[in-house]
Amino acid sequence: MYFAMIYRALELAEQAYEAHGLPYEGGLSKMSKYPPSRFRWVYDEAGSADYCVKVLDTETGRVVVWPYF
1 MYFAMIYRAL ELAEQAYEAH GLPYEGGLSK MSKYPPSRFR WVYDEAGSAD
51 YCVKVLDTET GRVVVWPYF
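Numbering (this note's numbering), first residue to last: 1 to 69.
Keep in mind the hints are simulated off the structure, nothing from the lab.
Given the structure is predicted, the values throughout are model-derived calculations rather than measurements.
Heads up, some of the hints might be wrong.
[Said to hold, decoys possible] If you anchor each label on the Cβ, the simulated ranges turn out as follows:
1) Ala49 / Ser29: 34 to 42 Å
2) Met1 / Ala49: 26 to 34 Å
3) Thr60 / Glu11: 31 to 39 Å
4) Ala4 / Glu25: 17 to 25 Å
5) Ala46 / Phe3: 32 to 40 Å
6) Arg40 / Tyr7: 17 to 25 Å
7) Glu14 / Val42: 32 to 40 Å
8) Thr60 / Tyr2: 17 to 25 Å
9) Ile6 / Glu59: 20 to 28 Å
10) Gly27 / Val64: 31 to 39 Å
11) Tyr68 / Met1: 31 to 39 Å
[Stated by the list, open to error] 20 Å max Cα-Cα, derived SDA-like pairs, lysine to any residue:
12) Lys33 / Met1
13) Lys30 / Lys54
14) Lys33 / Val53
15) Lys33 / Ile6
16) Lys54 / Glu14
17) Lys54 / Gly27
18) Lys33 / Pro23
From the three backbone atoms N, C-alpha and C, an ideal C-beta is built for every residue, glycine too.
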């Protein structure tokens, strides 16, 4: 189960890097170069349901709509 959670975190990280238009290399060996903890998911009540989930890049402060919702 622990490995399933790690791979899910890596999958979400890959999607977050992609949503922000950032480069990403997958795999456990690259985790230190592309940390999943760089991102935070945010719920925004304003606007339509299609745009209520956003992902914050904690390094840049940039927020984009989460396109996978």
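Status of each hint after checking the structure:
{"no.": "1", "hint": "Ala49 / Ser29: 34 to 42 Å", "result": "holds (38 Å)"}
{"no.": "2", "hint": "Met1 / Ala49: 26 to 34 Å", "result": "holds (31 Å)"}
{"no.": "3", "hint": "Thr60 / Glu11: 31 to 39 Å", "result": "violated (22 Å)"}
{"no.": "4", "hint": "Ala4 / Glu25: 17 to 25 Å", "result": "holds (21 Å)"}
{"no.": "5", "hint": "Ala46 / Phe3: 32 to 40 Å", "result": "holds (38 Å)"}
{"no.": "6", "hint": "Arg40 / Tyr7: 17 to 25 Å", "result": "holds (20 Å)"}
{"no.": "7", "hint": "Glu14 / Val42: 32 to 40 Å", "result": "violated (19 Å)"}
{"no.": "8", "hint": "Thr60 / Tyr2: 17 to 25 Å", "result": "violated (30 Å)"}
{"no.": "9", "hint": "Ile6 / Glu59: 20 to 28 Å", "result": "holds (21 Å)"}
{"no.": "10", "hint": "Gly27 / Val64: 31 to 39 Å", "result": "violated (24 Å)"}
{"no.": "11", "hint": "Tyr68 / Met1: 31 to 39 Å", "result": "violated (23 Å)"}
{"no.": "12", "hint": "Lys33 / Met1", "result": "violated (24 Å)"}
{"no.": "13", "hint": "Lys30 / Lys54", "result": "violated (24 Å)"}
{"no.": "14", "hint": "Lys33 / Val53", "result": "violated (25 Å)"}
{"no.": "15", "hint": "Lys33 / Ile6", "result": "holds (15 Å)"}
{"no.": "16", "hint": "Lys54 / Glu14", "result": "holds (15 Å)"}
{"no.": "17", "hint": "Lys54 / Gly27", "result": "violated (24 Å)"}
{"no.": "18", "hint": "Lys33 / Pro23", "result": "holds (11 Å)"}
Violated hints, listed in ascending order, are 3, 7, 8, 10, 11, 12, 13, 14, 17; each of the other numbered hints is respected by the structure.
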